[in-house]
Amino acid sequence: MADLGRAALLLSFALVAYALVGGSLAAWKRRRRLAFSAQNALVASFATTLVASIVLWIALWRRDLSFVYVAQHTSRSLPLGYALSAFWGGQEGSLLLWLLILTGYASLAVLLNRRSRELIAWTVPVLGGIAVFFALMLCFVSSPFTTAAAPADGAGMVPSLQNPYMLAHPPMLYLGYVGLTIPFAFAMGALLARRTDERWIVATRRWTLAAWTFLGVGQLLGAHWAYVEIGWGGYYAWDPVENAALMPWLAATAFLHSVMIQEKRGMLKIWNVTLVSLAFCLSVFGTFLTRSGVINSIHSFSQSSLGGWFLGFIVVVTVFSVALIYVRLPLLRTKTKLESLVSREATFLYNNLLLVALALTILWGVVYPLLTQAVNGETRSVSKPYYDFFLHSFGLPLLLLMGIGPLVAWRRASLRALGKTFAVPAAVSVVTGAVLLGLGFGSSPPGLLAYTFSAFVAASIALEFVRGRSATGSLRRLVARNRRRYGGYIVHAAIVLLAIGIAGSSAYQTIRERSLQRGQSMQAAGYTLTYESLETRQLQNAQQTSAVINVSRSGSHVTTLHPGKSWFPVEQSASNDVSIYHDPRSLGDVYTIADGISKNGTLDLKVLVKPLVNLVWAAGFVFVFGSLVAMWPDAVEQRKLADRYAAVPV
Amino acid sequence: MTLALVLGGILAVFVVVAVARPFLREPAPLSDALDEPGELERRRLSLAEERDRALAALKELEFDHRTGKVSDEDYRRLVGPLRRRAAEALRALEPRAEARHARVARPG
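Residue numbers (our numbering), protein chains in the order written: chain A, 2 to 651; chain B, 418 to 525.
Here chain A stands alone, though its shape is the one from the complex (with noise of 0.2 Å):
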C-alpha cells in the first residue's frame, strides 16, 4: 500500500508541476488548449492526492505499523477516531492535509470559473506553484510512506491530542489556512493578467468568507480544546501557533471590509491585492510554525527539518507577490478619493489600519525569540503583558468602530445626521457604564471600556435592525435584499459576545488554590468545595485518577466535580483532567483543576470561576450563523452579475 501512496504522490507532484509549467506556457502564449490541458491537471492533481490521502488512512485505521508515520502517532491501544486523526497529528500527514485541501479547492475554484478563461488561466499556473511546494516536501523531503520493519508496537500519540475536539479543531483551521489560497491566486492571476477590474474579487468572494469562517471557528474549537484539555485555567495564552492562526484571520478579516470599498467606491485596489498577499503568507507562515517547532510552544509536538524550506518558500511568495503589485502599480491606481473622514468608507479605513496593526504589533511577538536569537545569540520572547497593552490598544477601539461604522453614511455623514444616529447607542453605552461603575467593575479599566463599548455596538446593530424593519416592512425582506450587510451585523453580534465573555473570564475572574484533605473545603466566589474521596478508573489506554468534590452554594448541593488526571503507559506521560460547572445563571463556569494528587491522598486543588465565558462558546455559533447569512447566495445580485459579465466572457 505505502507503494500506491508514493506513486500517487509522485502524480501528484508531476500533475501540479505541468499546472505551473504548462499552464504559465498557456496563458504567456495564449494557448487555449493547453491552458485546459493545465486546468485539468490540476483537477486530476486532487484525485490522485484523494487517493495517497485514502492509503494513509487505511494504513492508520489497520494500525500499520510497517508504515513509520503509523508507528510514530499511533498505538494498537489508541481508540480508532484518534488514530484516524493522527492524520494530522504529525508533519507529514499535516502536509498530505494542506495538499488534499488545496488540490481539492483548485479544482473547484477551476470548475466554477471556466467561463473567465483569461484569468483562470493565468490563476492556474499560481495554484500550481503552491501546490508544488508541498507536493516536493511530501515526495523528496517529508514523506508519510516512508515503510521499515514494524514494531511491536507504535509510540503513541500525545495525551493532550487525544481529545475530540482534536477531530475538527486543526481540519477546520487547515481549510481557513488553505482557503485563503484561492482569494491570492486570484489576485495575482489577475495582476498578470493584467486585469484590474472586480472579476477576481467576484469569483473569491465567498471563497474568502468561507476560508475566514473556518479559520475563526478553527481557533474557537482550538481555544475550547485548551480549555478543557490543557488544564492551567485559560483558553488562549498568547501562543506563537495560537498567534499563528490569528494572524492571517485579522488580515482576512481587514480584507473582507477593505473590499468592499473597491467594490463600491472603486478605491484601495492596491490595499487589496497587498491585504490579500498579507493574509496569504500569514498563513503559510502560520502553517511554519506549527510544524517547524521553531519556536517553543504547546503545540511544537515534533522538531523537523522544514523550517529552512517554508522559509524560503515565504520568502519567495513575498518577492513574488511584491514585485508583481510594484509592475502593476500603474495600472491599479485610481482616480477616486476619500470624500469625507466622517464616512462609512472613512471607518473602513480606521478598522483597516487596526486590524493590520494589531496583526504585525503580534507577528514583532512571534518572531522576537527568532530575531534575538540571531542576532544576540539568546533567545528573548515577549509575554502576555506585551500582548494584552496592544489587545488593549488597538482592540477596543477597533470594538468602539463596530458600533459606529453601520451608524455612518457611506461617501459624507453631517454632524446632524451623526447626532440623530448616534444619540441612542451613545446614551446606552453611557448608562451601561455608570452601572456597571456603581456595581464595582471599574476594578479593570480595560474590562469596563470592553462592556460599555459592547454595549454601544449592541445598541448599534439593534438599532440597523429596527430602522431597517421599518423601512421595508419586514426583518426578512430586509435581510435578503442586502444580506452581506445584515450577515456582517450578526458576526458583529457574536464578536460582543466574545468580548463580553473575554472580559468577564478575564478581567473578573476569581482563582483560589489549596491542599486539601479528604473531608476538607474551600471558598471561591460564593461557592464551597469540598473534597469527598479519590476514585480510578481504567480507560481504554490510560488510567485515569480524579477527586469527588462536592460543589455547594449559600449551602445547597450545586453539582460533583470530578478533577483528576490521567497516565498514558504507552506515552509514558500524564496530563490533566479538568472539571468544570457551567452555572446557567452567570453563564460562567466553576473551573477545577488537580494540580497534584499525593500518595497519602493530599489534593492540590485549583478552582477558577470564570463570568461569562460560555458567552465566548456561544460566539462561535452567532459567528457561524451570520457568515452562512452573509455567505449565502442572493439571486438578485446573482443575475446581476451575470448580466455584466455576459457580454464580456473573460
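FYI, nobody ran anything at the bench for these hints, they're computed from the structure.
A virtual CB, placed ideally from N, CA and C, is assigned to each residue, including glycine.
Keep in mind that a hint or two might mislead.
To be verified - No more than 30 Å apart at the CA atoms, straight line, and that leaves these computed lysine-lysine pairs for BS3-like: (1) B:LYS476 with A:LYS641; (2) B:LYS476 with A:LYS30; (3) A:LYS566 with A:LYS385.
To be verified - Which bits of chain A does chain B cover? Going by a derived footprint, with three or more residues having C-beta under 8 Å, they are: (4) 128-135; (5) 262-275; (6) 406-414.
To be verified - Listing some non-contacts, in silico: residues in chain B with all C-beta distances to chain A over 10 Å: (7) PRO446; (8) ARG500; (9) ARG501; (10) ALA503; (11) GLU505; (12) LEU507; (13) ALA509.
We have chain A; now place chain B onto it with these hints.
Chain B alone, transformed into the frame defined by chain A:
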C-alpha cells in the same frame, strides 16, 4: 504489491487521459487561441462596473435616507451627482451595445 501496481497503473492512465483530453478532443482546431478581451471589451466591462457601482450607491443612499442615517439636506446634495454618474454610465454603455447588436445582425 500487485494490487498497488494495478491501482497505480489505472491512476496513471486516468491522469494522462485527463491531461491529454483537450488535445484528443480537438486534434486540429481551427483556432487554438485563448480568448483575450480587446480594448473595447475591457472598456465595456469597466463601464458596466461603473454602472453597477453608481446604481448600488443610489440604492444605498435611498436606504440610508429612509433609515435616517442621511439627512434631507445631505440627501439632496448627494443624490444629484450620483444620478448623473449612473445616467452617464448607462449612456456610455448604450451606443456600444447598439453597435454590437448591429454588428451581430449584419455579419461580414
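Comparing the hints with the structure gives:
Proximity of B:LYS476 to A:LYS641 is assessed by CA-CA distance (about 14 Å); at most 30 Å being required, the pair is judged to hold. With a CA separation close to 43 Å, the supplied pair B:LYS476 and A:LYS30 exceeds the 30 Å bound. This hinted pair checks out: A:LYS566 and A:LYS385 have alpha carbons roughly 27 Å apart, not beyond 30 Å. Counting residues of the stretch 128-135 of chain A whose C-beta lies closer than 8 Å to any C-beta of chain B gives 0; at least three are required, and the coverage claim is violated.
Counting residues of the stretch 262-275 of chain A whose beta-carbon sits less than 8 Å from any beta-carbon of chain B gives 4, enough to reach three: the coverage restraint holds. Coverage of a stretch by a chain is defined here by at least three residues with a beta carbon nearer than 8 Å to that chain's beta carbons; for the stretch 406-414 of chain A and chain B the count is 7, and the condition holds. With a least CB separation of 7 Å from chain A, B:PRO446 falls inside the 10 Å interface cut-off, contrary to its annotation. Listed as a non-interface residue, B:ARG500 keeps its Cβ farther than 10 Å from every Cβ of chain A; the least gap is roughly 14 Å.
Remark: the non-interface label on B:ARG501 is consistent with the geometry, its nearest Cβ contact in chain A lying 14 Å away (cut-off 10 Å). With a least beta-carbon separation of about 14 Å from chain A, B:ALA503 lies farther than 10 Å from that chain, consistent with its non-interface assignment. Its beta-carbon lying about 14 Å from the closest one in chain A, B:GLU505 satisfies the requirement of being farther than 10 Å from that chain. Every CB of chain A is more than 10 Å from the CB of B:LEU507 (nearest about 13 Å), matching its label as outside the interface.
Remark: the non-interface label on B:ALA509 is consistent with the geometry, its nearest Cβ contact in chain A lying 13 Å away (cut-off 10 Å).
When the structure is compared with the earlier hints, violations turn up for hints 2, 4, 7 and for no others.
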